[in-house]
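Asks: In case you want the letters, here they are:
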Amino acid sequence: MVTIDREIHTLIEDLLDTMHDGPGSVGVAAPQIGVTLRVCVVDVSANRHGKENNHGQLCMINPEIIARNGVAVMREGCMSVPDYTGDVERATEITVRFQEPDGSAREIAASGFEAVAIQHEMDHLDGVLFLDRIVCLKTGLFRRKNYR
Amino acid sequence: MTQQPEILHYAVSVVGKDRPGIVAGVAEVFFRLGCNIADSSCTMLAGEFAMILIVSHPRPFSKSRLFDELKPVCEQLGMSLAVRTLHADEVARQETMGEICMVSVYGADQPGIVYRVTRELAEQGINIMDLNTKLIGTHDEPVYVMMLEAALPDGQTPESLEAMLADLKKELSVEIGVRVITPVAF
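Chains A and B, in that order, are what the protein sequence lines are. Reminder that position 116 of the first sequence reads as 116 in the working numbering, one-by-one numbering, no gaps. Reminder that position 125 of the second sequence reads as 125 in the working numbering, one-by-one numbering, no gaps.
It should be emphasised that the hints constitute simulated quantities derived from the structure, not laboratory data. You may find that some hints are simply not true.
[As the list claims (entries may be wrong)] Short derived list, chain A residues pointing at chain B, Cβ under 7 angstroms:
1) Gly24
2) Gly27
3) Arg75
4) Glu76
5) Gly77
[Unchecked claim] Straight-line alpha carbon distances no greater than 25 angstroms define the calculated SDA-like cross-link-like pairs of lysine to any residue that follow:
6) A/Lys51 / B/Arg179
7) A/Lys51 / B/Ser160
8) B/Lys170 / B/Arg119
Every residue, glycine too, gets a C-beta built ideally from N, C-alpha and C.
Bound-form chain A, shown alone (with noise of 0.2 angstroms):
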């Protein structure tokens, strides 16, 4: 659990100036710039997939994913690593709590791209890369057979 403090918040300035300087960037984990701390920013309110439903800029502090629904697959990329991306299956809609940098307790609706990026952050928290999530698409749609 992340102790809200002065650091916290310099934290979180790193990483909204960290975020509002990577082209298109929707969002950024505190391990990305080598904090190993559970604080994440996601904003998708500029992004064109986000932008008819987000709750503008989110800073989240010990963020916990309390109910996810539905599943949908969806190509990513990070700028974490580079040039690669893949598809991922993500939850469509989630609820997460999480603390303000107030330390206020929230709850949030996420559905859609917001959603996916906020897994895509939280995952950075847990060490997880979207490689990791890769979905073969070829492997699920053909199955082992025997050509002869």
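Following the hints, put chain B in place on chain A, whose structure we already have.
Replies: Same frame as chain A, but now just chain B:
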């Protein structure tokens, strides 16, 4: 100032009857010679195993050296071998700006599915980045499936692509689907 050694690139393809040990056998040669495997795609097609690799090596090195070392290994495995030297400007990565679409085509097997669809795409300047085909279904009712990933040039949309393929879909009596798979970057 130290000068960076010039890097040579080669396209290598190896195809033959599938069995355990093909990748290890070929990779061992690259390892022994000090070649880097940059991009590669290796897959089983029916009972054949097909390897396509872009490998690199700093000068001094030669294509004949690479070929001569790979040849006995491929012969022993019963695989065909081709090696081509890549020109420096072939190695530069091509960036695409437009949407990337997955085009899925399936229907009763018949001659010309691949040709007719890809000809249509080529005429519109649409570049194919990945293509897989598979014959599925039963012996009596074979079904052909083609999945391809294509980069749309500026001004083209998935809808315009789908509309463009509508006549062909009717003519060949196949299903043709287009969906956007442009990666989202996090």
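Asks: If you draw a straight line from the CA of A/Lys51 to the CA of B/Ser160, is it 25 angstroms or shorter?
Replies: Judged against 25 angstroms, a Cα distance of about 24 angstroms means the pair holds.
Asks: Can A/Glu76 be said to touch chain B, with a Cβ gap under 7 angstroms?
Replies: 6 angstroms, holds
Asks: Sort out whether B/Arg119 lies within 25 angstroms of B/Lys170, counting only the CA atoms.
Replies: The given pair, whose Cα atoms are some 16 angstroms apart, holds under the 25 angstroms limit.
Asks: Under 7 angstroms is the threshold here; is the Cβ of A/Gly27 close enough to any Cβ of chain B for the hint to stand?
Replies: Interface hint status for A/Gly27: holds (6 angstroms vs cutoff 7 angstroms).
Asks: A closest beta-carbon separation below 7 angstroms is what the hint needs, so does A/Gly24 meet it against chain B?
Replies: It holds, given that the least Cβ distance between A/Gly24 and chain B is near 6 angstroms, below 7 angstroms.
Asks: How about A/Gly77: closest beta carbon in chain B under 7 angstroms, or not?
Replies: 4 angstroms, holds
Asks: Has the given pair, A/Lys51 with B/Arg179, been kept, meaning a C-alpha gap of at most 25 angstroms?
Replies: 20 angstroms, holds
Asks: Tell me if the interface restraint on A/Arg75 is satisfied: Cβ within less than 7 angstroms of some Cβ in chain B.
Replies: 4 angstroms, holds
Hint check: no violations occur; every hint is consistent with the structure.
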